[in-house]
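Engineer: Can you build the whole structure from these sequences, using the hints too?
Protein chains in written order, with the UniProt record's numbering: chain A, 1 to 289; chain B, 1 to 230.
Keep in mind that the hints were calculated from the coordinates and are not lab data.
Some hints here could point you the wrong way.
[Stated by the list, open to error] With a straight-line cut-off of 25 Å between C-alpha atoms, the simulated DSS-like cross-links for lysine-lysine are:
id: 1; chain 1: B; residue 1: LYS2; chain 2: A; residue 2: LYS157
id: 2; chain 1: A; residue 1: LYS223; chain 2: B; residue 2: LYS56
id: 3; chain 1: A; residue 1: LYS63; chain 2: B; residue 2: LYS2
id: 4; chain 1: A; residue 1: LYS157; chain 2: A; residue 2: LYS136
id: 5; chain 1: B; residue 1: LYS56; chain 2: A; residue 2: LYS63
id: 6; chain 1: B; residue 1: LYS113; chain 2: B; residue 2: LYS155
id: 7; chain 1: A; residue 1: LYS287; chain 2: B; residue 2: LYS113
id: 8; chain 1: A; residue 1: LYS287; chain 2: B; residue 2: LYS2
[Unchecked claim] From chain A, some residues computed to sit far from chain B (all C-beta separations above 12 Å):
id: 9; residue: SER14
id: 10; residue: THR31
id: 11; residue: SER80
id: 12; residue: GLU140
id: 13; residue: LEU161
id: 14; residue: MET240
id: 15; residue: THR244
id: 16; residue: ILE275
id: 17; residue: THR277
[Said to hold, decoys possible] Stretch-level coverage of chain A by chain B, calculated; a stretch enters the list once three of its residues show a Cβ under 8 Å from a Cβ in chain B:
id: 18; stretch: 42-49
id: 19; stretch: 105-116
Beta carbons are placed, not taken as given, at the ideal position from N, Cα and C, and that holds for glycine.
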Amino acid sequence: MFVNTGKELIEACSKENISISEYTIRTQIDTEGSNREVVINKMRNNLKVMKDSAEYALKNSVKSVSGLIGGQAKTLYDYSLNEKTLTGEFMVRAMARALSCSEVNAAMGRIVAAPTAGSCGILPAVIISAAEKLEKNDEEMINALFTASGVGIIIAKNATLSGAEGGCQAECGSAAAMAAAAVIEMMGGTPEMALHGAAIVIKNILGLVCDPVAGLVEIPCAKRNLAGAVNALSTVDLVMSGVTSFIPFDDVVSAMYKVGKSLPCELRETALGGIATTETGILLKNKVL
Amino acid sequence: MKNYGVFDILGPVMIGPSSSHTAGAARLAKMASTISGEGIEKVEFILHGSFAKTYKGHGTDRALVGGILGMDPWDIRIRNSFSHAQDQKLEYSFIEGDLGDVHPNTIKFRIFKESGRIVEISGSSIGGGSIRIYEVDGQPVELNGEYPTLIISYKDQPGMLSKISTVLYQSEINIAFLKVFRNIRGEKAVMVCETDSGCGRSIRQRIRDLGDIYSVKEIRPLKEGEENVC
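Structural biologist: Written out as structure tokens, the structure is:
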């Protein structure tokens, strides 16, 4: 069985002298009663779907089912090709990929819930962009996805990954934490460093509410995927420079859960507060529903 | 503390935008379609709670129609399921209703068959694409589709459980969970049997051959087949 806490995860990895991804793969093989090839190939399929969804809306202007969003990923991608960007091609490309997945999702395209459909853009954007920059191959990206899911399992066990339960911090926050940990390990960071990254990411967006306009996974969800990707990528550099989280991962996860529980239900995916009930939010809702 | 596997966290592969409103809806409908069997002419989708309020924007309507046509939650045809329904002469309507004190994402399927029979199935989409069917034709059941699931309807009498489980044992199929339901003694009983590995056609036929078996259906789990989507 998978360990219950971040602390136990670090101990388990250090005992065997293995990475989080290797620990996660081994545990999954035991749980499923299958073998390495089967488990790796399932993740390979996830990676393929992620790549497609991160790519599609960069080149194609998609429109969501409601018509509220779509085309922004292409706008941003074109900008990265044609203009001198402030944060650099790498960052803008990652941002565009996050938007792409979210737009594909909103247009009833195929995505991987990672960990949810609403937060499906963060992990693909971060892993694919990092791998491109660091010249990592598919096998290394697949390992990164296992690192990410290992961290996600700990969050799911001790808190929640659902916006209805814990707000956006639980969905996009967890996705970004998983993504940061994955890239830190991809860059040679230790399991301990990976969890420092995950902790910092969650701290950075602690308290973020879930307030979708018209109750749809579109506004502000797509841009929050973009913000989640940026949060994860900048935290990777912070941690790789040697900076650590003063508050350990397990404490941060427990705080995230408590904060989520104390959010009023209006701010947990019910579309009864926040952005959803602004003047414009209500206008948009009346237009599409 | 609940246990999670890697693919509970990364997955399912699905058609967006919402695991509960789209993937879960497709899965509920596919299960309802499997339970009711072939020859569906018309379906009334009675939507409750959040399903009723947001079904258009979430593509719940297309997912439901796709599911009835046998599409999986990752099937890209879900997007155009209405035109597929037209091709296959499936009629459908969406009705906003109140199904009582149930999960916010709950639906009742009223399925009209060529034979004139009407099948009613109720279920909820309980988050992350997971579902629970809780009623079939007024009979309480509990189905979640996490495992390959056999639904066997048979004449309520002594020894049926033993005969069926013997067939499974001889086929080296391990039963993970098992429930039996019936309304009136000696009439129709239903067995819901979740197994570790699927049965397939020949084993289902062996069960039918036992006698006093009204129907044998098998539902594949959601995650099965995902490795084949690409």
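Engineer: Mind listing which of the numbered hints don't hold for this structure, in increasing order?
Structural biologist: 3, 4, 7, 8, 10 and 13
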